[in-house]
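Chains L and P, in that order, give the protein sequences. Heads up, the first sequence is in my numbering, so the first residue is 157 and it goes up one at a time. Heads up, the second sequence is in my numbering, so the first residue is 79 and it goes up one at a time.
No lab work stands behind these hints: they were computed from the structure. Here a beta-carbon is modelled for each residue, glycine too, at the ideal position from N, C-alpha and C. It is possible that some hints are incorrect.
Claimed, not checked - Which chain L residues stay away from chain P? Per the calculated CB distances, all over 12 Å, these:
no., residue
1, Val172
2, Leu175
3, Val195
4, Met226
5, Trp317
6, His325
Said to hold, decoys possible - With a cut-off of at most 20 Å between alpha-carbon atoms, the simulated SDA-like pairs for lysine to any residue come out as follows:
no., chain 1, residue 1, chain 2, residue 2
7, L, Lys375, P, Asp245
8, P, Lys148, L, Phe255
9, L, Lys375, P, Val239
10, P, Lys148, P, Ala168
11, P, Lys148, L, Lys324
12, L, Lys324, P, Asp157
13, P, Lys148, L, Leu247
14, P, Lys148, P, Ala194
15, L, Lys375, P, Asp157
16, L, Lys375, P, Leu248
Said to hold, decoys possible - Chain L residues, not near chain P, derived (Cβ > 12 Å throughout):
no., residue
17, Met173
18, Val176
19, Asp187
20, Ser225
21, Trp227
22, Arg239
23, Pro252
24, Leu269
25, Phe318
26, Gly323
27, Val362
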Amino acid sequence: MGLSISGGMVLAMVEVMLLVQSYPNRQHAADFFQVSCAVFPALIVAIAVTGARRLFAAGAALWAMGLMSMWLWVLPLFPAMPRVSPVYQPLDHMMPPPFPLLLVAPALAVDLLLRLAPGGERRKGIAWRQVGEIGFAFFAVFTFVQWNFASFLLSSAADHWFFAGGGKHWPFFLPLDAHARTSFWGAGSGGMDFRAALIASGAAIVSSGIGLWLGASMKRLRV
Amino acid sequence: MRRFLVCAAWLLFLLLFPARAHVGSPNVFFEGNAGPHAVTVVIRPPSALPGLARVDVRTNAPAPAEVTLKASLWEAGRDASPSPVRAIQASGDPHLFTGELWLLRDGSYNVTVSVASSLGQGMVNVPVTSGTFQRPVMSPALQAILAILGVALLFGGVRIVGAAARDASLIPGNAPTRVEFRRSHRAMLVTGLVLSSAVGAGAWRWRNLDLEFQGTSLYEPIPISAEVRTIGTLWMLHLAPKQGTTVNPRWDRLVTDHGKLMHLFLVRDGDAGVFAHLHPVRRDERTFEAVLPPLPAGNYCLYGEVTRANGSTQTLTARVAIPAPLGLGAALTSWNGPLGVSELLCGPGGIFLANAPQPASLDLDDSWYVAPDSAPGGQVHGTECTLFNGDRMTFQNTGPLIVDRETSLHFSVCDASGRQVVLQPYMGMLGHAALRRTDGSVFAHLHPAGSISMAAEDLFARRDDEATWRTGEILREKPASVATLPVMNEVSFPYAFPKAGDYRIWVQVRVEGRVVTGVFDVRVAAAN
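Hey, can you work out the whole structure from these sequences and the hints?
Written out as structure tokens, the structure is:
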């Protein structure tokens, strides 16, 4: 349990660091998927390998979602108002962060793949095939889930305290019109195409390899 | 959407042209009426952004009075302003209220000061040009503390990795062997190299960011080139951005202030014995030109004030060598007849919002002053100055002038027999004053309403009127209402000197249709 929470906190911290480029409006842009696929597989795979139980990585991702969601739900309860001009987005409460990434889905895929091929960490050398499978699975599941979830977050159906979506929550100093709030940025020329997908999946595979090595190293620790 | 695009265009415009009014005198002074209350406002803008501007409001409102402050950015408008901040009454002074306002961006802010009392309520708009004027500097003590903590962090990280490499795989209770120690040393070496490289890369990145900040965000005056050209027997002053400058100042979005696109002040280098207040016309988006009056030959400092269409103001500075005048001008330098020299040379002034044709004469509002004994060293003027028409101008302040202490510089005009002389409007005001520290480090142009640009105040007053935007009327200055000017022989200018030292003040008023200039030397003492 403690390790799972620790893993969740690490994931949440990294999510915070990538918050600006992870806004739902950017979640159809190529760089969002490329950066996410380069960063998260290393952590999630390492957590999955280190964990003693099944679905350990999914549990950690769930903790991360819980931590991030807590800010999402708690911050708007506090009254606040901007004190500096310009105030393009009037606020009377603290601004919530966007709904967290659905890392639990690719984490579940990583857990399942590691369970299907257990003991990979005991092999001599790097299990290249396993690295490729895990990396590609992460890329495929993460892209599919997050792409569609982002569309939901920008729709009016997500305009709710639970999801804080619908393009309603913005820093007060950003001059955004109604169209910009609910449209995807960088989805045109900087959007996901075959080349961008190739780079993202490659990044996920490399990152997964690092995660396997890191997880195996951590497993050797004696406490 | 259209409004958004207009705002975005303005924002881009502002980012390209950071601006600042005056030289070495960043504070803003305003004197006027907020409804039934007389107010004097002093705004001390921050030197870096985002930063806090300190606002002092002195009012004659009877207690209990409430003073609130609100800052709104030009491109955002009043609707995009935060809630007003309540100014706090100073202890021991029931008429002084102080408050602080956050300024976020480069550009032009409007500070709305509202006063409410039993007499009623009213408000005034005070334009403030904001920008990053100083590179923030860390104190040596903080630098030392952070350096020590950074080194401790680096060595701590190396030691932790070394300990982990040595002990992590040991069975609890077993002592590390030579193999573990070697592994530990290797790990520490690699970690040390990695962390040192990271620190080096960070320092390199930080240096680049700092250079980028100094190049793009830190305000620097636009380098101006000034040269004198000959057209017949006229000397023509030609002002343009210096060749090769990285900034590309376009002067196509300027507004008139008192009917002039530029107020240009010339002060002779060294003794400051010659002073001129001219109004060049814009020939194109990169050039201003003015006919020079018959000034004695010498090197001159130039201060040109312009107001941009977003309400920000800027003082352009340059130096120029002016040769001895030719033809009629040469004779007029020693003219001592009954008329002012300017009356012989000036043509009727025009208000040119667009580019103007080549000027062939001085503007009717141009004026200049040549000290009778303008030999090097100049004369020292006391509290009284004899004007060229025989009248006398008196500096009324009696107490000492203290640095950074708000004061009102009072001047009165009497004729030779001591009778009061009525002042006439000079470009919509009772008078104009320019002051300069003897070393040239401070220069300011003041009006009875303060140091603000009246054009900027007018722009902000009409900023939120949709109709003026649609028709382009926003760029057309509202004519000054001279009918409301009081009939009096006195004029005053609110100001606080930013540095101790010796200053020369030139006060220009119009008497019986002629512009006359009084000159005073004052000493500003350091605060105790």
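Consistency of the hints with the structure:
1. Val172: holds (20 Å)
2. Leu175: With a cut-off of 12 Å, Leu175 of chain L remains clear of chain P, as the shortest Cβ separation is near 20 Å.
3. Val195: holds (17 Å)
4. Met226: Its Cβ never comes within 12 Å of chain P, the nearest being 28 Å, so this holds.
5. Trp317: holds (25 Å)
6. His325: Per Cβ check, His325 of chain L is outside 12 Å of chain P; nearest 17 Å; holds.
7. L:Lys375 / P:Asp245: With Cα atoms ~14 Å apart, Lys375 of chain L and Asp245 of chain P stay inside 20 Å; holds.
8. P:Lys148 / L:Phe255: Violated, at about 34 Å.
9. L:Lys375 / P:Val239: The given pair, whose Cα atoms are some 16 Å apart, holds under the 20 Å limit.
10. P:Lys148 / P:Ala168: holds (19 Å)
11. P:Lys148 / L:Lys324: Violated. Lys148 of chain P to Lys324 of chain L sits at ~26 Å, over the 20 Å cutoff.
12. L:Lys324 / P:Asp157: With Cα atoms ~19 Å apart, Lys324 of chain L and Asp157 of chain P stay inside 20 Å; holds.
13. P:Lys148 / L:Leu247: holds (17 Å)
14. P:Lys148 / P:Ala194: Cα-Cα ~14 Å, so holds.
15. L:Lys375 / P:Asp157: violated (59 Å)
16. L:Lys375 / P:Leu248: holds (13 Å)
17. Met173: holds (16 Å)
18. Val176: holds (17 Å)
19. Asp187: It holds; Asp187 of chain L is separated from chain P by about 20 Å at its closest Cβ, greater than 12 Å.
20. Ser225: holds (29 Å)
21. Trp227: Its Cβ never comes within 12 Å of chain P, the nearest being 24 Å, so this holds.
22. Arg239: Violated: least Cβ distance 5 Å, not greater than 12 Å.
23. Pro252: Given a closest Cβ separation of 20 Å, the condition holds.
24. Leu269: Consistent with the label, Leu269 of chain L stays out of reach of chain P, its closest Cβ about 27 Å off (over 12 Å).
25. Phe318: Fine: 29 Å to the nearest Cβ keeps Phe318 of chain L off the interface.
26. Gly323: holds (15 Å)
27. Val362: holds (19 Å)
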